[in-house]
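Undergrad: Each chain, letter by letter, is given below.
There are 2 protein chains.
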Amino acid sequence: MASMYPPSLTALIEEFEKMPGIGHKSAVRLAFYVMGITDEKARRLADAVLNAKSSIRLCESCQNLTDSSPCGICSDPRRDRGVICVVESPKDLVAMEKTREYKGLYHVLHGAISPMDGVSPEDIKVKELMSRLGPEVEEVIMATNPTVEGEATAMYIARLIKPMGIKITRIAHGIPVGGDIEFADEMTLARAMEGRREI
Amino acid sequence: MASMYPPSLTALIEEFEKMPGIGHKSAVRLAFYVMGITDEKARRLADAVLNAKSSIRLCESCQNLTDSSPCGICSDPRRDRGVICVVESPKDLVAMEKTREYKGLYHVLHGAISPMDGVSPEDIKVKELMSRLGPEVEEVIMATNPTVEGEATAMYIARLIKPMGIKITRIAHGIPVGGDIEFADEMTLARAMEGRREI
Chain F
3 MASMYPPSLT ALIEEFEKMP GIGHKSAVRL AFYVMGITDE KARRLADAVL NAKSSIRLCE
63 SCQNLTDSSP CGICSDPRRD RGVICVVESP KDLVAMEKTR EYKGLYHVLH GAISPMDGVS
123 PEDIKVKELM SRLGPEVEEV IMATNPTVEG EATAMYIARL IKPMGIKITR IAHGIPVGGD
183 IEFADEMTLA RAMEGRREI
Chain B
3 MASMYPPSLT ALIEEFEKMP GIGHKSAVRL AFYVMGITDE KARRLADAVL NAKSSIRLCE
63 SCQNLTDSSP CGICSDPRRD RGVICVVESP KDLVAMEKTR EYKGLYHVLH GAISPMDGVS
123 PEDIKVKELM SRLGPEVEEV IMATNPTVEG EATAMYIARL IKPMGIKITR IAHGIPVGGD
183 IEFADEMTLA RAMEGRREI
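First to last, the sequence lines map onto chains F and B.
Per my numbering, the very first residue in the first sequence carries number 3; after that it's consecutive.
Per my numbering, the very first residue in the second sequence carries number 3; after that it's consecutive.
One should not assume that every hint holds.
Given that identical chains are not distinguished, each listed pair holds provided it fits within a single copy or across any two copies.
[Unchecked claim] DSSO-like, lysine-lysine: derived pairs with alpha carbons at most 27 Å apart:
#1 K127 - K43
#2 K20 - K105
#3 K93 - K169
#4 K129 - K27
#5 K55 - K20
#6 K27 - K43
#7 K105 - K127
#8 K100 - K27
#9 K127 - K100
#10 K129 - K20
#11 K100 - K20
#12 K43 - K55
#13 K169 - K127
#14 K27 - K127
Calculated from the structure, these hints are not laboratory results.
Next up, chain F with everything else stripped away, as it sits in the complex:
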């Protein structure tokens, strides 16, 4: 059934419907929001889309999204250049930064190895990681997700790096802080037991 909204409004609804997590009703609501804002605000929204597309690229070093390459973290003299934390996505990097605990550098893979989905090591930023591993690098922390793909990726990269004599570590898995042992899945509990430390 053809949309009962005017063509240009229908076109906007359809653009919003393409977005992740936006169904038809949400798309209609968003399109009506656009109808209701001032021309200037609509222009700002459209410009933000185009600006982000044109100015965001990958940092030549860590492959994180950035407006200027090398990125703010890679060019920050206060960061420890001896440690590289490897994550799957820019969102993981942001989550890590929010802890304010980590002071080293990052490397964003933009994915994880997944033969099932046709993602091989060449499809993610493994080559770029290897080319960064100069003599100043002492440790590479694998902070890929605790999924089959994340684990496989961590293992794959560990095998490549080990022969270079660089320490390679994996972040700990276990019961989340505030989590309930009763409701933890078996894998998480097994990992928590395995990773136990003396207190």
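Since chain F is already given, all that's left is putting chain B on it; use the hints.
TA: What follows is chain B alone, placed relative to chain F:
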């Protein structure tokens, strides 16, 4: 805390966060969606926003959103010009059209009278409705929402129109089709009893 994303990405996230029903996490997800689509598709999204803003206006007759005035419904010779169904919003009109039952014209008020929210009759399209009520109009159907504001608006407009000798009706309220009497609220049930018909 400043965003940990590059400025132009942060700007895009902030634009999405202004949208109704879009929280921070959804805004980040949408911004990453934009990062992931082609330049051409991003351009199409931005253009859809600007196009909809520039080409959508209100139909000079029924006040519905349209690309061309008078709108498709008002200029359709098959529609019955003797009946005008008054709704609060373009979305209500679309809901009504989907029933495929109604063959008359519409009038979109763009709101409902609400002294509490400072919405007076002059703030909605009442004047425009009154100016349409020529001799060909036989019935005005008030299809405003069954809320305090919707009822007040229906009553206000009914009082204006009654002296003109035009039939004015209100859509029926009652138990929704497929609804459960057990769970109906008292107001709805009272309305359903009041509106009962012989079978």
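Undergrad: State whether the alpha carbon distance between K100 and K20 is at most 27 Å within one copy, between copies, both, or neither.
TA: between (30 Å within a copy, 23 Å between copies)
Undergrad: Under a CA distance limit of 27 Å, which applies to K27 and K43: within one copy, between copies, both, or neither?
TA: both (22 Å within a copy, 22 Å between copies)
Undergrad: Within a copy, between copies, both or neither: which one fits K43 and K55 at a CA-CA cutoff of 27 Å?
TA: both (19 Å within a copy, 10 Å between copies)
Undergrad: At most 27 Å between CA atoms: does that hold for K127 and K100 within a copy, between copies, both, or neither?
TA: Only inside one copy: K127 and K100 sit 23 Å apart there, 50 Å across copies, limit 27 Å.
Undergrad: Measure nothing new, just compare the shortest in-copy and cross-copy C-alpha distances for K55 and K20 to 27 Å and report within, between, both or neither.
TA: So K55 and K20 pass the 27 Å test inside a copy (17 Å) and across (19 Å) alike.
Undergrad: Is it within a copy, between copies, both, or neither that the alpha carbon of K27 lies no farther than 27 Å from that of K127?
TA: Answer is between; shortest inter-copy Cα gap is 25 Å, intra-copy 38 Å.
Undergrad: With identical chains treated as interchangeable, where does the CA-CA distance between K169 and K127 reach 27 Å or less: within a copy, between copies, both, or neither?
TA: This pair counts as within: shortest intra-copy Cα distance 20 Å, inter-copy 72 Å.
Undergrad: Within a copy, between copies, both or neither: where do K105 and K127 come within 27 Å Cα-Cα?
TA: within (22 Å within a copy, 60 Å between copies)
Undergrad: Indicate which option fits the pair K93, K169 if close means a Cα-Cα distance not exceeding 27 Å: within, between, both or neither.
TA: within (25 Å within a copy, 61 Å between copies)
Undergrad: What label fits K20 with K105 when the C-alpha limit is 27 Å: within, between, both, or neither?
TA: This pair counts as neither: shortest intra-copy Cα distance 38 Å, inter-copy 33 Å.
Undergrad: Give the relationship of K129 and K27 under a CA distance limit of 27 Å: within one copy only, between copies only, both, or neither.
TA: Result: close neither inside a copy nor across copies, 43 Å intra and 31 Å inter.
Undergrad: I want to check one pair: K100 and K27. Are their C-alpha atoms no more than 27 Å apart within a copy, between two copies, both, or neither?
TA: between (34 Å within a copy, 15 Å between copies)
The earlier numbered hints that this structure contradicts are 2, 4 and 10.
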